[in-house]
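Participant: Given two chains presented individually in distinct reference frames, assemble the corresponding complex, making use of the accompanying hints.
Here the protein sequences come in this chain order: R and A.
First residue of the first sequence? That's 3 in this note's numbering, and the numbers climb one at a time after it.
First residue of the second sequence? That's 36 in this note's numbering, and the numbers climb one at a time after it.
Among the hints, a few may not be true.
[Claimed, not checked] Reference excerpt, derived from the structure (chain A facing chain R, CB under 10 Å, subset only): (1) 186; (2) 228; (3) 232; (4) 240; (5) 242; (6) 289; (7) 312; (8) 349; (9) 350; (10) 352; (11) 354.
Think of the hints as simulated: they come from the structure by calculation, not from any bench.
Keep in mind it's a predicted model, so treat the numbers as computed, not measured.
Heads up, the beta-carbon is just placed ideally off N, CA and C, and yes, glycines get one too.
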Amino acid sequence: MALMLIAKGAEADLLLDIDWNGRKALLKRRGVKKYRHPQIDREIRRYRTLHEADIIHRAKEAGVPTPLIYQLDPEGATIIMEFIEGEKVRDMVPRLSEAENRALFKLIGEKSGRLHRAGLIHGDLTTSNIIKSNDRVVFIDFGLGEISKEVEKRGVDFNLMVRMLASTHYNVIDMLLEAFMEGYRETMGPEAEEVFQRADEVRRRGRYIDKE
Amino acid sequence: MLLKVARIDPLICLGIESTADNLGVGIATSDGKILANEVKVHVPDLGGIHPREAARHHSENVGAVIMKALEKAQITVQDIDFVSFAQGPGLGPCLRTGATSARALASYLKVPLIGVNHCISHVEVGRLATGAKDPLTLYVSGGNTLVSGFESGKYRIFGETLDIAIGNCLDTFARLAGLEYPGGPAIEKFAAMGSKLIPLPYAVKGMDMSFSGLLTAVSNEFKTGKHGIPDLCYSLQETGYAMLGEVTERALAHTRKQEVLLTGGVGANKRLRGVIKEIAEEQGAKPYYVPISLATDNGAMIAWTGILAYTHGIRTPIETSYVNSKWRMDEVEIPWR
Chain R
3 MALMLIAKGA
13 EADLLLDIDW
23 NGRKALLKRR
33 GVKKYRHPQI
43 DREIRRYRTL
53 HEADIIHRAK
63 EAGVPTPLIY
73 QLDPEGATII
83 MEFIEGEKVR
93 DMVPRLSEAE
103 NRALFKLIGE
113 KSGRLHRAGL
123 IHGDLTTSNI
133 IKSNDRVVFI
143 DFGLGEISKE
153 VEKRGVDFNL
163 MVRMLASTHY
173 NVIDMLLEAF
183 MEGYRETMGP
193 EAEEVFQRAD
203 EVRRRGRYID
213 KE
Chain A
36 MLLKVARIDP
46 LICLGIESTA
56 DNLGVGIATS
66 DGKILANEVK
76 VHVPDLGGIH
86 PREAARHHSE
96 NVGAVIMKAL
106 EKAQITVQDI
116 DFVSFAQGPG
126 LGPCLRTGAT
136 SARALASYLK
146 VPLIGVNHCI
156 SHVEVGRLAT
166 GAKDPLTLYV
176 SGGNTLVSGF
186 ESGKYRIFGE
196 TLDIAIGNCL
206 DTFARLAGLE
216 YPGGPAIEKF
226 AAMGSKLIPL
236 PYAVKGMDMS
246 FSGLLTAVSN
256 EFKTGKHGIP
266 DLCYSLQETG
276 YAMLGEVTER
286 ALAHTRKQEV
296 LLTGGVGANK
306 RLRGVIKEIA
316 EEQGAKPYYV
326 PISLATDNGA
336 MIAWTGILAY
346 THGIRTPIET
356 SYVNSKWRMD
366 EVEIPWR
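Chain A with its partners taken away, still in its complex shape (with noise of 0.2 Å):
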């Protein structure tokens, strides 16, 4: 008689993400390890990202990007035992191609797709990173400011941004002050030289925040040529963080729980991580600080939420796999908590 051996080999998913300027592609196990995450950032002469531009380098990128990551994880395309993307929220000419690229990859190999939700795969692959187990999240970049806390099934959104978000804020400033690339880090360099604080509007609307008014203003101040760029720099910094803040704060006082998460390209920010220190100490949780390669956009966050998503029945056939720019995070039934 013979015997079916059940197979002991951890499962392999491979995970594009394109929802904005990053193209990332990650390899995942279902053991829990990153094999590869290699990201290919798109660069804009000039201005902010055009979607339609970020889509043609990622087009023009992927399939490389794809060999460099399994070469990075030492395996061929044959060792690939599903596919993963995300489906959302983003620009969508940038999922669409993430989206074809994954599509194509899957039917070649015969093997299933898993749309994910791109925020969602940031506070996972974050608890895969930290061992944080409950954490809210504060996940700031320049697409995305929210805070959010598993509850019931679900991620539910305790706050956000109301306009843009704090990345774009920070990013739009350092291009109008004529900053280097990227914005954030920039800034963060010039804000330790500050010392002076210029007043600028504080946006906290219960636990909703805005950052518009916040750029106008500092904008502004910017183009009256009374005040150095360290001094903008710092301000900025210190009233846009103070709301968040106070935000996560909040929430937490509210959610009760025992750990916060930062994450997404601004968490990267010392000033922010201090900030999120304090507030956690003062409402008795643990913090947590994702490494910055899987804090901004990348693959290897969607290739795991994508193992998450399979071994708890989650399929995505390609008639259905459609991007959906705006598709919030607390739309998404989570199976696997």
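This is chain R alone, in the form it adopts within the complex (with noise of 0.2 Å):
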């Protein structure tokens, strides 16, 4: 077996196996956290693990490409998944033009109102979740996925987006975001608008008025 550390996450690991029964896969492994109590520690891996691989074959069924699973392991905190060729979004954008930017966000709008669509939150909506693989966007990492349809998560989900695209593409944020918005409210529909209003509310809410 030859397993390689690809990628060492805040959360998991990512450890490439060239020959996994003759094909390449790609290993999530979330390693414990001396931080935090055992207890905590052992039940945010294991549930992680166990809802990950569970969102991510819903989110299949509803249209958005997410890797196939081929193996899971609740205890050992493990999933074994299909290794998507492709970059992250994050590290695509500064090199793109205008045009293409607007278009792979106008996608990746598109996908995630599928996703809100089928009820389902990702919960970690960042362009470092977001791989473009060929003509695909390929949504990973659902760790922190839920299943919902409320409108406050929904808007929560958006938000975390905003707020990514804020602190890490600020330079174009504004084009960025309406080529998203434009995406989104093609698959949402007209609860896209809602989304949009709730999770500017989700930013401004409360934030340095508790003690009042």
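Facilitator: Structure (structure tokens):
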């Protein structure tokens, strides 16, 4: 077995197995976090592993590209899944032309709308968690995903995307956001406006008035 | 021919902090010295901070605290080159008291006035005190809970609470459980005696956190009478700090910063310091802890940030010196970095 560490994330390690039963596979293993209580740690890792696999599967059913799952080990907090060839959107934005970025974010918006329409919440909807693979945008890392149709949760999802654009791609945020919203509206329909509105509320909500 | 000799004495700034229950007056110099850092805390007779009562406390005491700071710094009021104050975020009535005092003092002395952002001041004095150059900051207090880092001209917020601050959560529970004031240290003391983990809601949404559900849940567990205070405090700390830890670690991995700065009153907690230390090690960063007198709300941080702002051309004319109780740190341009 030839396992290669390809990414050490904050939450999980990604290992590449170039010959997993004859094919290339990605192992997502949630490592033990020594800083938190072992009981909390075990529960978070187990729950997120099972849940992530579930949501990845449901997203696929909704027409949102996600990796195929090959094998699941909740106690070992490991998902073995398809290795997606491509590049993180986060790393592509600075290089792409305005038209390319626009098309890309419209597609991302469209797929995000599909996800929400199907009652799924990504939970960490950022440009680091979307991979451009050929013509597809593949959504990864559903570790914080939820099954919900609440406007509130959709709003929080969208707010996260806005926040990530504001902190990482702040120079082109308006254009990217506009394209995203255009795509999102197409798949979400009239409910989209409600989500945008809620996201704005989430952003402004009671940040500094908790003592009054 | 007369040569105009450039002034070589460092500039002196007096800063007034009054965003919540602490009234602080600090005096800092442009060569990075804190000459005075006087704080007077408003302790409510009952319950949490009542903004009006806290503001009354501040207005009644601000004169005396300014005099004390001057005495401590061994300067006279005439030595002050400019006056800074916390313009926000915070409790409106408290902010207005500090702002009024600062305006009056600056007008009387005919020196410039500078309004500074409270959250940014925490980071800046933290950098001054610890020597951290470009840290990712976890700022945890009674009113604020956020993870921030400097990127292209502004302090960006990578994660924050979506409702109440962690310190607010701790304080409110401490009051409910009848623990002594202040709540944070009392909880820490009891937590050290606890061992059983009571399951409580763990709410991390991407990079953001929510503590209101945690407060409700721990309060309900307390009311059942089934658990001892130590186990409740232990579980509250473990759950809340695990959330802070996760968000900080994610932001650290995302920004790839080499330093982590822990500040705010809750940053005094040893368990939380331990969490930050482990995360820093794991992510290959260096942890820094701001000394408690500069980590809790204080005037020195306002004075020091006033110096940074003043020396980079920032002035706040009296006409535009109104307070902004919801002034986010990521709205402020930072010319000094």
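Participant: Under the criterion of a CB-CB separation shorter than 10 Å, is residue 349(A) in contact with chain R as hinted?
Facilitator: violated (22 Å)
Participant: Under the criterion of a CB-CB separation shorter than 10 Å, is residue 289(A) in contact with chain R as hinted?
Facilitator: Interface hint status for residue 289(A): holds (7 Å vs cutoff 10 Å).
Participant: So, residue 240(A) near chain R? Judge it on the closest CB pair being under 10 Å.
Facilitator: Status holds, d = 6 Å.
Participant: Should the interface hint for residue 354(A) be scored as holding, given a Cβ-Cβ cut-off of 10 Å against chain R?
Facilitator: The hint is violated - residue 354(A) has no Cβ within 10 Å of chain R, the shortest such distance being about 24 Å.
Participant: Let me know if the C-beta of residue 232(A) comes in closer than 10 Å to any C-beta of chain R, holds or violated.
Facilitator: holds (5 Å)
Participant: A closest beta-carbon separation below 10 Å is what the hint needs, so does residue 242(A) meet it against chain R?
Facilitator: Hint on residue 242(A): holds, closest Cβ of chain R at ~7 Å, below 10 Å.
Participant: Minimum Cβ distance from residue 350(A) to chain R below 10 Å?
Facilitator: violated (25 Å)
Participant: Have a go at the residue 352(A) hint: is there a Cβ in chain R nearer than 10 Å to its own Cβ?
Facilitator: At 24 Å from the nearest chain R Cβ, residue 352(A) fails the 10 Å test, so the hint is violated.
Participant: So, as I understand it, the hint says residue 312(A) touches chain R; can you test that by seeing if any CB pair is closer than 10 Å?
Facilitator: Residue 312(A) check passes; min Cβ-Cβ to chain R is 8 Å, inside 10 Å.
Participant: Against chain R, is residue 228(A) within 10 Å by beta-carbon distance?
Facilitator: Since the shortest Cβ distance to chain R is 16 Å, the answer is violated.
Participant: Should the interface hint for residue 186(A) be scored as holding, given a Cβ-Cβ cut-off of 10 Å against chain R?
Facilitator: holds (7 Å)
Comparing the model with each earlier hint shows violations of hints 2, 8, 9, 10, 11; every other hint is respected.
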